[in-house]
Amino acid sequence: MPLSSKHLLGLQGVPAEDIQLILDTATTFREVLDRPIKKVPTLQGKTIVNLFFENSTRTRISFELAQKRLSADTVNFTTSSSSTKKGETFKDTVRNIEAMKIDMIIVRHESAGVPQYLTQISEANIINAGDGRHEHPTQALLDMYSIKEKTGDLKGLKVCIVGDIAHSRVALSNIYGLISMGAKVSLCGPSTMMPMGIENLGVKIYHNIEKAIHENDVLNVLRIQLERKAGTTIPSVREYHNYFGITSERIERFNRDILILHPGPINRGVELSSEVADGPYQIILDQVTNGVAIRMAVLYLLGTRP
Amino acid sequence: MDILLKSMNLLDPGSKVNEVADLHIKNGVIHKIGDIDSSEFDEENIFEFSGKYCVPGLFDMHVHLREPGREDKETVVTGCNSSAAGGFTGIACMPNTTPAIDSAEVVNLILQKAKDHLVDVYPVGAVSLERKGEALAPIAELVEAGAVAFSDDGVAVKTSAILRNAMEYAGMYNAPIIEHCEDPSLDDGAMNESFVSTQLGLPGIPTVAEDIIVARDILMAEYTGQRIHIAHISSKNSINLVREAKAKGIKVTAEITPHHFTLTDDSVKTYDTNYKMNPPLRSNEDVKAGIEGLKDGTIDCIASDHAPHKVEEKEREFIYAPNGITGLETQLGITLNELVHKGILSIEDVVYKLSVNPRKILNIPVPGIKVGENANLTIIDDKEIWTVDLSKTKSKSKNSPFDKRLLTGKAIAVINNKQMFCDNEFKQI
Ligand SMILES: [Zn+2]
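Going down the list, the protein sequences come from chains P and H.
Quick note: the first sequence uses the numbering used here, first residue 1, plus one each step.
Quick note: the second sequence uses the numbering used here, first residue 1, plus one each step.
The hints are simulated quantities; they were obtained by calculation from the structure and are not laboratory data.
We put the CB at the ideal spot given by N, CA and C, even for glycine.
Don't take every hint at face value.
As the list claims (entries may be wrong) - To give an idea of the interface, some chain H residues facing chain P are shown, with a C-beta separation under 8 Å as derived from the structure:
{"id": "1", "residue": "Ser197"}
{"id": "2", "residue": "Gly201"}
{"id": "3", "residue": "Leu202"}
{"id": "4", "residue": "Tyr223"}
{"id": "5", "residue": "Glu312"}
{"id": "6", "residue": "Arg316"}
{"id": "7", "residue": "Gly343"}
Said to hold, decoys possible - Derived pair list, reagent style SDA-like, types lysine to any residue, alpha-carbon separation capped at 25 Å:
{"id": "8", "chain 1": "H", "residue 1": "Lys314", "chain 2": "P", "residue 2": "Glu123"}
{"id": "9", "chain 1": "H", "residue 1": "Lys269", "chain 2": "P", "residue 2": "Pro15"}
{"id": "10", "chain 1": "H", "residue 1": "Lys310", "chain 2": "P", "residue 2": "Glu98"}
{"id": "11", "chain 1": "H", "residue 1": "Lys26", "chain 2": "H", "residue 2": "Asp423"}
{"id": "12", "chain 1": "P", "residue 1": "Lys91", "chain 2": "H", "residue 2": "Lys269"}
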């Protein structure tokens, strides 16, 4: 059964069967990654562009590796959108790329809506690699995959997303994906980091990290953007760590069975203490490996969709 | 030249005229009103307007003409053509041009460009030099050159001190301050802040950013005893503030755009940048408050905030696309369609909101339909069903979310300055 959509723009409205299919397919590719020869010819002859208007080396490398493992031809196009801010470059850039007869576009952009816009001007399959504060579906899929790998099932699982929800593109995708897979989703962070009306999505909100640790099975901890105007949303990084940081003491006191995820890169001593970042509760590097498998699965399913 | 407009519904609230009659216009002046024998007129000068409304020429008090500086988007002349096509015989143009309208030279340039046009153009001067909010623009000199009001539109007047001084200084000439109400410390969004912006992942502009400046300005108007006009009001709380201030006798007036009383932030869901404007489209509750405000008189007038942008500027990433839409040629149609045909306002109310009140706010004489007056008229067919076709609009820019919208009611002719625009052409009369 193929995926119901030609594109992967986000997880909002994506049926559970599609998510299940991607997770199952990723399991097969995860095995490929453990083989001595990690390459399959599945997407031979397909051309994929990694169109990154915003620098994100990790996500780009993960996609690139997934493409190489599937034997696709890949082109990287990284440009700062400050250079496209003035002129007409954005649309022209996309038109140029489209003219090169591309099969798939992986796009990252600091403006929400760009992946959707690309579907209107391009024939290619579009995969959203993060748009503004909107969605980052492959990150959420790899998070779900990594959780499932450890817990066996997502249904009924209590997952709390911790951090700056308002400025995150990972949070929405995780909320949509996890809820449609039957998990119970909550959020934890300072009220200034909660976007308006987010509770309408059916998520509980914590402002007390200890309670969140105590009442959940999984914490997906988001990166705090240190570069954001200091002192406007939170008084200081130090205060953030003191009141919302995940430390060994807190875990040991409130929930020794917790599973910690982090999409990286980590600010050690801010959202996670160094001990936690390297400790037994986290699966941060598994997430990275699984990320390649998830992206292979998405590329494969979209690239071979009839 | 003599022209005859036949059997129209004359509607002029100022002169208390509300009757069916013919109108004889001689050399641009209303010569006779009544039952007029058409045999003395050349056939091409007789216009059969039976069943159509004839009202004092419509006036749009919030137009961005883009000249000087961005003549690629609009010029004084194309903006005036667009006005005439939309049924307007007069407009006020906002000062956020390059350079800003902060010197007599720029006022003169605009008036010079508009000189021979059917449409009267009234420049709004900048409150502060370069609209920077630091030093007062030469308000007296601007008034002398022809500015009718002052605004730093695009942004709110930066400080309370400049606002106070501008109000008092402009008050000497009875010129109002027109305020774009938006607290700059809360404005780094791309749409209304709401559950919709959360779902779309777009940064939001909260309604309170508008309310704070509305409140400040009302307090300042009360303190100084001077006039403040709230441009493109969009939030329910702001409308309530204006309502309360009016009840207290504070000299505050307000306008609303057609898009703010018809569309909500739900429209942004497609990420179509033609739904990006500032103030942004708000919630359904705000739209309802706008309609209520129009009904009870809290909102004095309707203005388009006509903001032309090039296609290639709009066709880009949502957060980087410029704010604003064109509106001169859809404004009357939307007003009739959404307010009159839905029983919210009468045609007479529309004449107040789109002709009488904006002129009163700007101290511009309201044209009357009476013998001896210069003919400054808009002829409205409130029943014509038409489809907006941006490719046929007179504006140089085509950025509107109303393309292909089916509307009932439009202007079919305008007359002013011894000219007539009818059947898509201008002629001398
Ligand atoms: Zn404005």
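Satisfaction of the H:Leu202 interface hint, Cβ to chain P closer than 8 Å: holds (5 Å)
Hint validity - H:Gly343 Cβ closer than 8 Å to any chain P Cβ: violated (33 Å)
Status of the hint placing H:Ser197 at chain P (closest C-beta pair under 8 Å): holds (7 Å)
Pair hint H:Lys310 and P:Glu98, alpha-carbon separation not exceeding 25 Å: holds (23 Å)
Given pair status - P:Glu123, H:Lys314, alpha carbons within 25 Å: Holds: H:Lys314 and P:Glu123 sit about 22 Å apart, inside 25 Å.
Satisfaction of hint between H:Lys269 and P:Lys91, Cα-Cα up to 25 Å: holds (20 Å)
Chain P contact restraint on H:Arg316 - CB to CB distance below 8 Å: With a minimum Cβ separation of about 5 Å from chain P (threshold 8 Å), the hint on H:Arg316 holds.
Restraint satisfaction for H:Gly201 [CB to CB of chain P, less than 8 Å]: holds (3 Å)
H:Tyr223 as an interface hint toward chain P, with CB separation required under 8 Å: violated (31 Å)
Agreement of H:Lys269 and P:Pro15 with the hint, judged by alpha carbon distance not exceeding 25 Å: Roughly 20 Å separates the two Cα atoms, so the pair holds.
25 Å Cα cutoff - pair H:Lys26, H:Asp423: holds (20 Å)
Agreement of hint H:Glu312 with chain P interface, Cβ distance less than 8 Å: holds (4 Å)
Figure legend: structure checked against the earlier numbered hints; hints not met, in rising order: 4 and 7.
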